[in-house]
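Q: The chain contents come next:
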Amino acid sequence: MPTVVFNKRALFSLIKYIDESLLLEVIKDFKGEVKSISEDEITIELEPDRPDLFSIFGFSRAIRSYINATSCLHKIIKREIPCSGITVEVVQAKIRPFIACAIVKNVNLNYDIIKDLMNFQEMLHITVGRDRKKVAIGIHDLDRISPPILYTEVSPKLKMMPLGIQEELSLEEILKKHEKGIKYAYLVSDQLCPVYIDKIGIFSFPPIINSSRTKVTTDTKNLFIELTGTDKRSVEQTLNVMLADFIDMDGIIESVQIRNNSLTIISPDLRPRRITVDLKSINDLLGLNLQIDTVTGLLQKMMYEVETVSNNEFKVLVPPYRVDVLHKVDIIEDIAIAYGYNNLKPELPNIATIGREAEMERKESRIREVFIGLGFQEVLTFTLTSERKQSQLMNLINVELVRIENPISDEHCVYRRWIIPNLLDFLSLNKHRKYPQKIFEIGYVSYPTDGNIVVGRAVSAAIASSDISFADIKGIYETLNRLLCLNTKLIRKNHSSFIQGRSAAIILDDYEIGMLGEIHPSILNNFNIGVPVVALEFIHYYPKYCNSVIL
Amino acid sequence: MLVYVLPILNNILESLHPKEKQVLIVLGRGFTSFSDIVRETSFNTDTVIWALNLLKDKELVEIVKDQKIKYFLGVEGQKYLETGFPEVRLIKKLKEETPIEELNLSNDESSYGISWAIKHNWVKIQTKHGKKFIILTDNGKSYLSKTYEFEEVLKKINSGLPLTSSDVALIKELKKRGDIVREKVFTIITGVELTSLGHKILERLKLEEEITSLTSDIIISGKWKYVRFKPYDIDAPTESLTLGRKHLYREIIDEIREILLSLGFEEVSSPPIELNFWNCDALFMPSDHPARSIHDIFYIKGFYLDKIQNQDLLKKIKETHESGWITGSTGWGSWDQSLALKLILRSQTTAVSARYLSKLSQEDLPRKMFIIDKNYRPDKIDAMHLPEFNQCEGIVVAENVNLRHLMGYMKTIAEAFNIKDIRFQPAFFPFTEPSVVGYIKHPTLGWIEALPGGIFRPEVTLPLGVKVPVLAWGLGIDRLAMVALNIDDIRLLFSRDLEWLRTSPIPSLKR
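Protein chains in written order, with the working numbering: chain A, 1 to 551; chain B, 1 to 511.
Extracted from the complex, chain B is given alone in its bound form:
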């Protein structure tokens, strides 16, 4: 007797096709006839036969087969079914005292008809006055009103009715008479039986069905070797997860920082509470510049710088504003020192560039710097304005840099966001000359004003002690972030909707 060790069982189990498994399970439920198996699995018959043959090859089932004969009508059988057998037709034509020649018989009636009628003892042949006569016997007379058993069999075959053993005997007779009945032999499965190996495998299959979740007991006990997990519905909804994540806007800021750091820019940070001096005066914005009014800059209440350490710088800025100092400029003609010494909330990150430049010495060059930080303006809150907003800007401080280089940086930054199309236009900013704006082409929004910039005026750089050109560019990051997040209201950048923050896809400026 064969002893099946576990690995063999496992090999067999693994080799089973899901359809084979299903057939096995149906067998296990006691359905052993072929038609039952077909019904219970709802497979088509070919599939069941295929599965059973595979199972048989694996010695899991034995198949009980039987042969069956199926009969069809031959060409003559078909004809006889329609017109009747010739011997029957013959006896119906017979008239007393009429010689054969005058009976008007068809060929088959005069050949097969006469010979089978004689055989059945339905007629006799007599010769009178030199002429042949067919005489109906009593037996023959009874068939005029009786059904002919051969005809009965043809009808049964034709309509597929079950045949009796006497029918089969008649068919044997008929087959001797030419192409009346044809037969075909079929092998059919009458039943399927599980082998002992089949039973073992079925037991394992039954075990598998019962498991829905994996427990530590199943893992540790080794039961897992016998289990199969009930498949889950992958379309069933799951609970939405809350996770820790960066603010969406921060994702964009970090993306920009990464690009600028990779371009060799050094990052700087500086507090947003600033001296008016750095925000405006050091940038050569005249004291009466409209952008310095209370409508454009937030002033801090009650604070005013009274201790000035760098008197030298203060004096240079004063002279530059008043008369141009040594910069070659005409200056503005006047300067209001008390305004310069007021504390404000920074209205532009360029204030930080001015601070940065003031600390540079010749040995520090060349330098590239950027800052992304908060600025403030007393704007009424609407879809385009917030009193707090972010700016990104960078400067390049080096010998021999020029306007084409500035455009080169703008183009490179745009390219870092996968934007190929950039167009330049003259622009005006109080502290740069020449000034430029880079427009980038957005696939759906068209040309967007994205990169303002310019070369710092000598009235800005010389008082800060910088003798080389300074390229300055900015990046409208609030606007870019709105584009990346596909929102058209700046207030949404600071949305306080927790759900939006939790579930929005991670935004990217790269297209």
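Chain A on its own, in the form it takes in the complex:
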């Protein structure tokens, strides 16, 4: 979860007219959770959908509007953006095909602001930027750039002086040596690297690093901001998220011409989006009976502006930095938040439906009841386990298992094919407990077959006792078979996990669904168990499932 740390004094001075208790309430409405609060700082965990709240400017902007019930959106959207006259030429850009740029003039930077800016940039990288893959941001000192600017892909042999290093390195070297280069090398090709070049040379190597030449310092007055990425909308909206902050800082935004072949666009595009929301949808979704004036006010609280209202339809202007608004339902949620979730009266609708147990659960309740009646303790073990427990420790080889591509450890790298190994594991951990130990588990098992995966619900039971034999587990099986009308039968069958001549297969309609018998002493040795164990297991239910009917 994105976590932001704001200076409290700065936050209060930006929001104005708010005390701490009100602030703490309002943070909840913006889906934030205060993690800690001290004299100087407040740490808030936010949801990833609102990157505009990740900076102190964006956060205070939203709250200011919310508590004052007036939108200050016009400050951002209703201003002319002068043209800087700078052009960015795009030639051959396949790896990161989309860019957005802007000029910010007359900024007043100090050490704290630069630090905040870098934090904000990093949070945008991680969230909307998908760790720089989708969007990467570079901020430069405009006065150290000599236009015209070219965005293109070049050979990794070319050199630049990266941030933090006082020597020229080839791009190749940066990818191998520089900390950021090593981390993000997978995002560029080893043949071609995306770069921004001016008259002097390469000043940005997105998404890896900027040049030390154009580094932003406290002396910087004018900025060149460039974004690159793989998704056009994300690149443009992320630029808008940043620019809103500079507008709040009284920076002057100027535009850049981006020329790509014959196509020229003006960047940034800070025009608001227009989404139509009808009164009926709002009231239907929220279960309210709001009037036009009320809705207009609630929209303003959330920093929307209503352009026109006709036929009970609002034409809503959406701030250009609201990357989360995809659909009118997103605006309706904001109306609900402005109205106050706790002002919505909970109500049960009049819907008559019949409660019904799942077939599988009903069956398992009965199986469970029989086992409990027979004195068995139910246990729960993990379905993810190790290959060793499923096969080698059970005297099996070449067992086909469903394997996890990205396991967290060897102990959880395959899906269990059967539960008996887990029960033996359980027994081995309870050797100091009172005997006899009678345990059972009902749960998922899975195995691959013919390019498919079978998932079943298995019933498994084991008895560990100094005085136990095949007849005991057969007695348990027969009780289950009779009471649950399983209609299965036993046939003699050897299995290397059981003592030869003391095991049987459980057969249903000519299919082998399980087995029972006396566990082989070599396995008891493997699990370090010192008493005889008898066990049974069978699959009682196959959910309606196989690979080909999923879709």
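It is possible that part of the hints are untrue.
Straight-line C-alpha distance at most 27 Å; calculated BS3-like pairs for lysine-lysine [unchecked claim]: (1) K31/A x K345/A; (2) K431/A x K70/B; (3) K232/A x K280/A; (4) K70/B x K141/B; (5) K420/B x K28/A; (6) K146/B x K232/A; (7) K92/B x K146/B; (8) K434/A x K420/B; (9) K21/B x K92/B; (10) K28/A x K8/A; (11) K315/A x K92/B; (12) K420/B x K31/A; (13) K246/B x K389/A; (14) K35/A x K78/A; (15) K232/A x K315/B; (16) K345/A x K141/B; (17) K133/A x K467/B.
Pulled a few chain A residues facing chain B out of the computed Cβ check, cut under 10 Å [stated by the list, open to error]: (18) R50; (19) A185; (20) D284; (21) L326.
Because the hints were derived from the structure by calculation, they are not lab data.
Ideal Cβ positions, reconstructed from N, Cα and C, are used throughout, including at glycine.
Given the coordinates of chain A, assemble chain B onto it according to the supplied hints.
A: Showing chain B alone in chain A's frame:
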């Protein structure tokens, strides 16, 4: 002669108070004197008398009584004990040749003293020269050095010493002289004897004492009619029992199922090995959503869906992601089909809701569904995370349902657990809008985030063919179970400690 039939004996036996029985048993052991009975039963005397009287009324004992007289000193007796009898004082004052008038006698000395001294022949009265003189006789002289027998008796009475018959004769004398000695008559029990009925009852009592455990012989032979069981020590420790029982976590799951079934929700189950498509894409989670990375979802090795039957649905989902299709959404701008067709371990039960919705038709509505099942996430194991965990969630599919109704269900579910306080807060989930979290107030832990939910986005419902709103809520059951079991480490939910499973009290979410 009376013949006692069994029922009468039994009636008597039943009527006996335990203290009466104990007195009977002591009598049976040969102690017949009252003081012995008191000592052997260690009852106080009143209790023994009470018990004996009851036994006598039931004709089980005969009581031998005697009368005893107890003497006390009267007012004068007390005085005489301190100062001596007046006749003794008199003779000690006598001097020869001194007339009575000059002897300085007290009143009692000149009245009782003179008359008793004369009576005893201790003195004589003589008249000389018109004056009266008291003359000590020889007998009287001997009493100047001898103890006076009456005084002796007073001393004995006062100190409670035994009295002889001659003492008693003296007392009789003394009683004639006014308030010197007083007497009180007592009836005392000198002995108790068992009657023949008492003996019979005692025999039965003795029989009862001998039995410790009931055998089938005692039952069948009818001997039970005569037996009484030796009482056991109820504080003595017993062996702990092992029994068959549900897993503690299952108790909680069943409690939740019961509530949801009673609210009219239909239960659904679905295997946890799932297609990425249902787990994410059908829920409008963009292909590059962070929660779809290998750090958040377990991918199955070597399996990939290549046969697609429902091409129509695939196309709708693709268009919804890319451009919003007909949902009114902008979409995400792109979609990765190959990712959607990978097999995974379900990371959220919402996958099942998506499957369920895809099978509904207009005639099936309204519907309420819930599922409690296993999900998987590649989390490192610690007190709050396990790679396998359970989720509970439900959906309501019906015309005209809204956010207030969703809150209504959340409130009702909380109330089913006897939780009255619920608070709602805006929330974010990728597949619902509006989204909400219900916080419930726990008496000791404070507000707990317990009920996440929302209304499914049109980008989720419309491609699945659902044209009505779908309310969706979840229940953090692992967390609730931890609260109910009073544990703060999720690993304990899957504890492999047999003793804990065997002996923990049955947990309940209802407070």
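Q: For each hint, tell me whether it holds in the structure or not.
A: Hints, verified against the model:
Proximity of K31/A to K345/A is assessed by CA-CA distance (about 20 Å); at most 27 Å being required, the pair is judged to hold. Straight-line distance between C-alpha atoms of K431/A and K70/B comes to about 79 Å, which puts the hinted pair past the 27 Å bound. Annotation: proposed proximity of K232/A to K280/A is violated, straight-line Cα distance about 33 Å (limit 27 Å). A hinted pair counts as satisfied when its Cα atoms are at most 27 Å apart, and K70/B with K141/B does not qualify at roughly 34 Å.
Proposed proximity of K420/B and K28/A is supported: the alpha carbons are some 21 Å apart, at most 27 Å. At most 27 Å may separate the alpha-carbon atoms for a hinted pair to count; K146/B and K232/A exceed this at roughly 144 Å. For the given pair, K92/B sits about 12 Å from K146/B by alpha-carbon distance, which is consistent with the 27 Å threshold. Among the hinted pairs, K434/A with K420/B is inconsistent with the structure: their alpha-carbon atoms are about 43 Å apart, more than 27 Å.
A distance of roughly 64 Å separates the Cα atoms of K21/B and K92/B; the hinted pair therefore is violated under the 27 Å criterion. Distance hint between K28/A and K8/A is fulfilled; the C-alpha atoms sit about 17 Å from each other, no more than 27 Å. With a C-alpha separation of about 142 Å, the suggested pairing of K315/A with K92/B is violated against the 27 Å cut-off. A threshold of 27 Å between alpha carbons decides the hint, and for K420/B with K31/A the separation of about 24 Å falls inside it, so the pair holds.
A distance of roughly 25 Å separates the Cα atoms of K246/B and K389/A; the hinted pair therefore holds under the 27 Å criterion. Among the hinted pairs, K35/A with K78/A is inconsistent with the structure: their alpha-carbon atoms are about 37 Å apart, more than 27 Å. At most 27 Å may separate the alpha-carbon atoms for a hinted pair to count; K232/A and K315/B meet this at roughly 23 Å. In summary, the hint linking K345/A to K141/B is not supported, as the alpha carbons are separated by about 122 Å, beyond the 27 Å threshold.
Of the pairs offered as hints, the one joining K133/A and K467/B is violated, with about 36 Å between alpha carbons and a cut-off of 27 Å exceeded. Against a cut-off of 10 Å between C-beta atoms, the interface hint on R50/A holds, since the closest Cβ of chain B lies about 8 Å away. For the restraint placing A185/A at the interface with chain B, the shortest Cβ-Cβ distance is roughly 18 Å, beyond the 10 Å limit, so the hint is violated. Nearest Cβ of chain B to the Cβ of D284/A: about 6 Å, under the 10 Å cut. The hint holds.
Among the interface hints, the one on L326/A holds; its C-beta lies about 5 Å from the nearest C-beta in chain B, closer than the 10 Å criterion.
The structure is inconsistent with the numbered hints 2, 3, 4, 6, 8, 9, 11, 14, 16, 17 and 19, although it conforms to all the rest.
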